[in-house]
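Both chains are given apart, each in its own frame, so use the hints to dock them into the complex.
Going line by line, the protein sequences match chains A and B. If you count the first sequence from 1, you need to add 305 to reach this note's numbering. If you count the second sequence from 1, you need to add 70 to reach this note's numbering.
Among these hints, one or two may not hold up.
To be verified - Straight-line alpha carbon distances no greater than 30 Å define the calculated DSSO-like cross-link-like pairs of lysine-lysine that follow:
#, chain 1, residue 1, chain 2, residue 2
1, B, Lys137, A, Lys348
2, A, Lys322, A, Lys472
3, B, Lys616, B, Lys650
4, A, Lys563, B, Lys822
5, B, Lys171, B, Lys182
6, B, Lys391, B, Lys497
7, B, Lys99, B, Lys85
8, A, Lys563, B, Lys182
9, A, Lys563, A, Lys472
Just so you know, the hints here were simulated from the structure itself, not pulled from any lab data. The structure presented is a predicted model; accordingly, all values stated were derived computationally and were not measured.
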Amino acid sequence: MAQLSYLSPSSVDEAVKALSGTSARALSGGTDLLVQVRSGRAKPDQIVDLKRIPGLIGIRAENGGFVIGSATCGAMLSEHPTLSKIWPGVVEAANLIGSTQVQGRASLAGNLCNASPAADSVPALIAARATCVIAGPAGTREAAVETIVTGPGKTSLTAGEFIIAFKLPPRGPKASDAYLRMIPRTEMDIAVAGAGVSLALDADGVCLSAHVALGAVAPTALLVADAGQALIGTRLEEVALTRMAEAVRAACQPISDKRGTADYRTKIAAVLAHRAAVIAWNRAKEQA
Amino acid sequence: MNKPVKPEETGTILKVVGTRPIRPDGVEKVTGRAAYGADLHLPGMLIGKVKRSPHAHARIISIDTRKALALPGVKAVMTSADMPDLAAEHYEAGESASNLKDLSANVMARGKVLYHGHAVAAVAATSNAIADQALDLIEIVYETLPHVIDVEEAMAEGAPILHEQMVTAGLGETPTKASNIATKHRLDRGDLAAGFASADVIVETRYSSAAVHQGYIEPHACVASYAADGQTQVWSSSQGHFVIRGLCAKLLKLRFSDVRVIPAEIGGGFGGKTTVYLEPLALVLSQKSGHPVKMVMTREEVFRATGPTSASVVTVKMGAKLDGTITAAQVDLKFQAGAFAGSPVGAAVMTSLACYDVANFEITGWDVVTNSPKVAAYRAPGAPNAALGVECAVDELAEKLGIDPVAMREKNAVRNGVRAPYGPVYKNIGYVETLEAIKSHPHMAIPLGPNQGRGIAAGFWFNIGGESTVNVSINEDGTAIVSTGSPDIGGSRASMAMMAAEVLGIGVEQVRPIVADTASIGFSTVTGGSRTTFATGMAVVQAAEKLVIDLKRRAAETWGVEIDQVVWQEGAAHCLQAEKAPKGALTLAALAGSAGKTGGPIATVVALNAQGAGPGFGVHVCDVEVDPETGHVTVLRYTAAQDVGKAIHPAYVEGQIQGGVAQGIGWALNEEYVFSTGGIMENAGFLDYRVPVASDLPMIDAIMVEVPNPAHPYGAKGVGEVPIVPPLAALAIAVRHATGVRMHDLPLSPSKIRAAIDANAL
Ligand SMILES: Cc1cc2nc3c(=O)[nH]c(=O)nc-3n(C[C@H](O)[C@H](O)[C@H](O)COP(=O)(O)OP(=O)(O)OC[C@H]3O[C@@H](n4cnc5c(N)ncnc54)[C@H](O)[C@@H]3O)c2cc1C
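With the rest of the complex left out, here is chain B (with noise of 0.2 Å):
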């Protein structure tokens, strides 16, 4: 791996972060110990299963549960009609807000399903076999209605309507008939007509994407147990405990302080579990059973009914003069939404010209209902797609002024003081490092051979603070626990458990971090947005920066003298006056063991609101091989570098970084929702839904450049996201240079590819 790249020294030394300690949950989660969320059972527990829609659109005309209910070992059977009718109204969770009149009906469908595999009743029975025979006598009658699932498809004039209601917001009017355009955005600067009449050369180009799942491998799972006296408990496995219980409790009317959360062990999220789609059903059936109940969803149900982020068409329109100064570009970007508004598309219009100083400019983004499942957050929700139009674009106007795709980059980078489309001012950015760690990267020299292609492409992601809560409290033999409300899954408890350490002044291994649950922290909102590394541990480093000074005091009051008197190091109390310490420094071992006399436990809470999260930007460059017969794309070569803050743990870093290679790898060649004509997903399983495995993949070289984050004790930013923005554009790139031609619409599979070859040789 490579050496990070420091652009500035931070002038610290710095004894634990920024090293590579084996993580806490490691040994538990190698050993297959680690308990996920189907790995609960409770006495009494029933098995919960759902029962979906057939139809990719349809009106429910009856449900008839009787039968179901009638058959031995079933508890209870519950429909839409068990849960309260709720009005729309806004929830915040997190990334995403939820519509809570819209989550309802996603979670158990009310009067229409509006996609395959939607939700419509649920059954508890005492056995999986009971379940699955009780799910086939319930009975339902459908009036089956026409499905839209193509994003342009359902924006057009004539196409079913899904949600009757619906208008489109963002006109500027309210419009009086039904749409399923959900919401226009639009951001603008400038005088785009005057921007392209200045330009030399102008470029108009369209990419799609089509919908892809965030393919993490454990399902969902959940088992909820609702007492008698209205006190719920629910484990499941998710992103955030405390937005499960707060959308467990907006969805059946609950006191918050009755809905205790405990997070499982996550195995895999990348955003698909920001939400609940079981754990609501789960409470409903335990309430009406009197049982605990558990539900996992099956491989099939996930890719069904959960995830997938939207396909996507991006048009980009960009000139530019001779130079290589882009003077205007205009960007439209249509998003599929799912069965309910709420695509990424807003985050799309923000980040699609974030890497880009362009004075003139206009982006248009829509939000557009669609019959298949409601999209949720992936890794830098709407990025990715925004950027695969961008960049192609960038390089079709490279390409066509005969200038570097490097240096056209350069050319119009984003620098600090340049204000960025979306808004504020950048500050503290490093992208202009970053390009210059890829420019100067021995990949960039390694020449090509024939039917090989390379790509390079930018990308950019806000990164988030947020809600966050810790506790950390010192032991009676001097070791620390840490306690935050952020479910770990990016390898987060080894980075609290470091700067806890680093603080304290302790080895990484005298620290337990762990994840409590809702009812054992305050609130702290999803580990998503790229937030829990810097707000979580900004809150780490003020609780043990807390426990410092009260220890401070705690040896002051000791050696009777003032508490500037003493400074900490190493882990231990030291007396500048060192006759008033004729045994030497007090540490923390020392200082807990006599805790009781110094004014009782030593343990401290900090509750914030992290400000400050610096915006992340990464350039990636990928060399293919093209079978120009088959098709066939081979990554040869992979290097992604990305300004990072500061690595607090560099192998996380650099994993966060290779994940999101690896899955944007699959975005662009293989991965895909394949539709039958009746609205159906054909190929709902890891078989044809083809993630690449690890053979498919080249070393993913990741270049961590370093510009530190002045909000954040240790300068870190957010790392998770930024990575799998710039791989579609960068392999769809490459495999333009490999073949010569120019492909539009992911993914790049084989046999798309010897079509386009086949075409360009006519």
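Bound-form chain A, shown alone (with noise of 0.2 Å):
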């Protein structure tokens, strides 16, 4: 019989050793993790769970931007006394997995591994331009947050590298940011489509950029340029928006599966990226 053995490393050092193991598997919350264990979908030989590394739970202020430890949970997200002052779309993209239970565990850098395309909070992570850092064999590394998932079920991490944490830039005044997802229930359930938009704008409210990312209407979650380059220069105009959701729906390719078909995937995506950019302009014109 298969023996699974549980490390908890208490430095990236050793962590990054123990990961390079052959079928060796990071845990942060282990809502994923240990769901596909236990159901036979993961066989890992080695669990390394890396919350007793110091810094993987915590966020901190940082040139103006925030670093949040890759294992820091959602609740810590949404009880920071900043972050969703600044970053609301990233903090309501987080906290919408799962449940109160759920919340108390899930990680950003989880939810971003388990490399789903629904995962909520990485259009939100990727319309915000946030950045990972990266620890490995050769050191640290950064990267931007859609380089990291290549396809369903795999990253472009290589043998003993892990997320230490996620950078969110700084931010100027006027601008913020918003996450929708589309679930046929109201809770518990898994996004047929997700849009996250980022917006800051000049002092009359006009868009001096826009970012616009999609989830689960892809392998990936996507950054649709056309779509947040639609609302650059405008004060969100009903002709801005319908550009905005022209090019998501040019940039969905969904599969039709029991969650939801193809055509109604793209449909809902340009739907959610209307609202959730709506809804980022007026939290923008709020901000200070």
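Structure follows, in structure tokens:
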């Protein structure tokens, strides 16, 4: 019978070494991994719990932005005094994951590295232009969030590599973000489509920068450059939103499955992006 | 919560019945102490697991279990070869009859597998992991066969045939060709053609619903112990341990006296736990291994191999005069039975028009086998599917005629003295009163906004009585024990204790209700058919009344008076001749304390077959808002009125109504078995099989209308099934009024609604 060992290193180096093993898996909250081990979908020989490594849990302000430890749970994100004021879209996306119980465990790194196309926090992080700090045998490196997932269940992380933190960039005034997803129920469900929008406005409410990212409409979350571009220089007038929605629909390459048809997912992605953009714009205008 | 509506006063002053005491099983359940099916552990116990079919339809060419048996830690392996090959025989099991030959082949496939997940073999091993490994070592060679799951496809010419021997019954002649149609049911009255000829408006419509699972939280679980002397014990979670005993004994050819079934606490059944899946296998494995064997299903197994209820297609043609009088109705019901005959289409036929006084009708039902799990009873089996078609047709008619939907139903409502479509003449029914309760409810006056719609639908269920045994005994301190053979799945222990307390004149906390095992009390059929409060409750009352007579006799003897000189009041015997009883009344505690001197222990048993269960009617109104861009439905408010006869414990009656509505909302909006082209259920888990979560539901307002049932001592009628009958139609109608589009295929999932809205806009 296969043996499963559990390791709980207290340093990055130890963790890198442990994760270099053939079928070792990193564990943050375990809300994906343990479910998969139990069902037999994942069969690691070693589980490496990252939570005891200093800095992996916690949020700190740095250079005008935020550094979020990769294993920080959803509940800590919402409890932080300023994070949700500045990045409400990222926090609301992370907080959509599961239930109160799941929120006490589920992390951004786990949500990203589980590599589900429907992961909720990922489009919000991409729209926010977040980056990951990755530790590995060759030292640490930094990479944009959208470069991590390469396909369903697949990441670009190499043996021994794991994410130690997410960085959210500095934010000027009049900037905000939003994330919306469509699920058939009202909670405890998986996104049929999701859309994250992050905007920065000038004093008159004109978009200086705009980023639109989608979930569950392609093998990975998508950053839709054309959709963001459609909003720049506008006050989100109907024409601009319509152009953005067109760009969103054009970017979608969803599958039809038990969770929704390709046609439905494409339509909904545009609806959600439109609504999220309006929410982000209204939030940005209220920012000092 | 609303106050109960009381059309009639019963006249009796009740002290306990009608109050809301805390349930006696509550603390154990909320503190996690209650022992459910999977909680028992016996010395030397093994873990049993089932090997299941990877195909939807295949012939079993060979099964080789040698490698599995050779694995260290494996103590037994079984297949259908280890079970008696039974002849077709019907066995009455409460609400649903079972054909023992079919049941045997369902719990362990014989010759063919008929659905993906069908049990083919089982192992018992010393650990979970070893049992899993052993399953992988069982080698089975299959010859795959084409499969069919859709009910209409299964009925079509040229469909793959599941049972080569099956020919359609009920055609009037015996066909020679095998068919997937097991039975044609028919009910008719009057002159259909004349009825339609006299109609001013006719609607013809078709509604379908997908297979849905009962969705009980506790997966099936049992422990079986087969002793060397042939005596067996089974601990299992079920809606009726006597039925589990009967089915195990019949399937394995055991003496009933050698099978003792001990009821575990049950975590939901909704009809789905009135039959066996694991128990006979655990017994065989226990016999072969010489150890007790525990078997617990995973959620995935529950979805793939138990439950569900039928997918169905219902077509309705209905005609009415301009004043709303329905002149004729033609209803055709096609029901998926799963792998073996026995869908609830018979009940669907009988209930479909049960709310309507229609002179001319013809109702046809088709029981059709398909390559999907054999359906099991689910709350008012068959009635919700039928009501979906009929209630939506009535709504379409009312709309065409410009008649208010409640008025339309009042106009055609069955009343006392009307002969029900299924035969008997209605007596003491409360349908009109229930319609009235909805009509006058404030909900009906709330204005609707844009994208909002209101749906109104009615529903009917027979409710049954049936066999129950009850033991009531008085303890030495004057407290009481009420033992029944009826598993408590909806608060029945509380209701039984309350009825006993009422008769004995003591507080409900003085009465301890328990569910006794099959060797400790006489036969009692399942907790199903909404029968327990009515039938077992009737036995409780009769037993308590017998005890009161006995107690009065004992008091009369003590005082040296005739028994008619003794009255029983407030839990004590009082002597009408005060001088004979200088110390005053004799309390229950005093009589219990001196029982040894007045004839010995105070105890009695009542065994009965309760007759006169009053049928139940419900009328529901629901408001929804549909997001036209996403197709998402929000249920804004829901009011359910129901004739409950008399609410013994009103909180649990409301709970039954709310629970039925919640399940009905799930059935209407999101629940469905999704099959791959290979016939494999693709959503065998609660993530993608979407039962409503709490945040999906509004407060469900339960209105209890009390039109007493004179056959029950306190007027009770069954309440547990009616509330799941109207919601499918109520939701479909509300969505139609919110979107302007009539959708005909449940579930009304967001993607379907958006597609329908888009199609309508073209
Ligand atoms: C009941 C329930 C509801 C859920 N609802 C949602 C939902 O609504 N939306 C949603 O998106 N998800 C949902 N999920 C999935 C899951 O909770 C999330 O994906 C969660 O964010 C995973 O985080 P975790 O810390 O628990 O990950 P883990 O289970 O610990 O890890 C997940 C994967 O990431 C890898 N990993 C973990 N940490 C790191 C790291 N630092 N570096 C590299 N790889 C790492 C693991 O090896 C594993 O492959 C739900 C899960 C459950 C059980």
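Hint check results:
Proximity of Lys137 of chain B to Lys348 of chain A is assessed by CA-CA distance (about 24 Å); at most 30 Å being required, the pair is judged to hold. The hinted pair formed by Lys322 of chain A and Lys472 of chain A meets the criterion: a straight-line CA distance of about 24 Å does not exceed 30 Å. With a C-alpha separation of about 24 Å, the suggested pair Lys616 of chain B and Lys650 of chain B falls inside the 30 Å cut-off, and the hint holds. For a cut-off of 30 Å, the pair hint linking Lys563 of chain A to Lys822 of chain B stands: about 12 Å separates their Cα positions.
For the hint linking Lys171 of chain B to Lys182 of chain B, the alpha-carbon distance of about 14 Å falls within 30 Å, and the restraint holds. Between Lys391 of chain B and Lys497 of chain B the CA atoms are separated by roughly 27 Å; this keeps the pair inside 30 Å, and the hint holds. Using a Cα cut-off of 30 Å, the hinted pair Lys99 of chain B and Lys85 of chain B holds, with the two alpha carbons roughly 27 Å apart. With a CA separation close to 29 Å, the supplied pair Lys563 of chain A and Lys182 of chain B stays within the 30 Å bound.
About 35 Å separates the Cα atoms of Lys563 of chain A and Lys472 of chain A, which puts this hinted pair outside 30 Å; it is violated.
When held up to the earlier numbered hints, the structure conflicts with hint 9 and nothing else.
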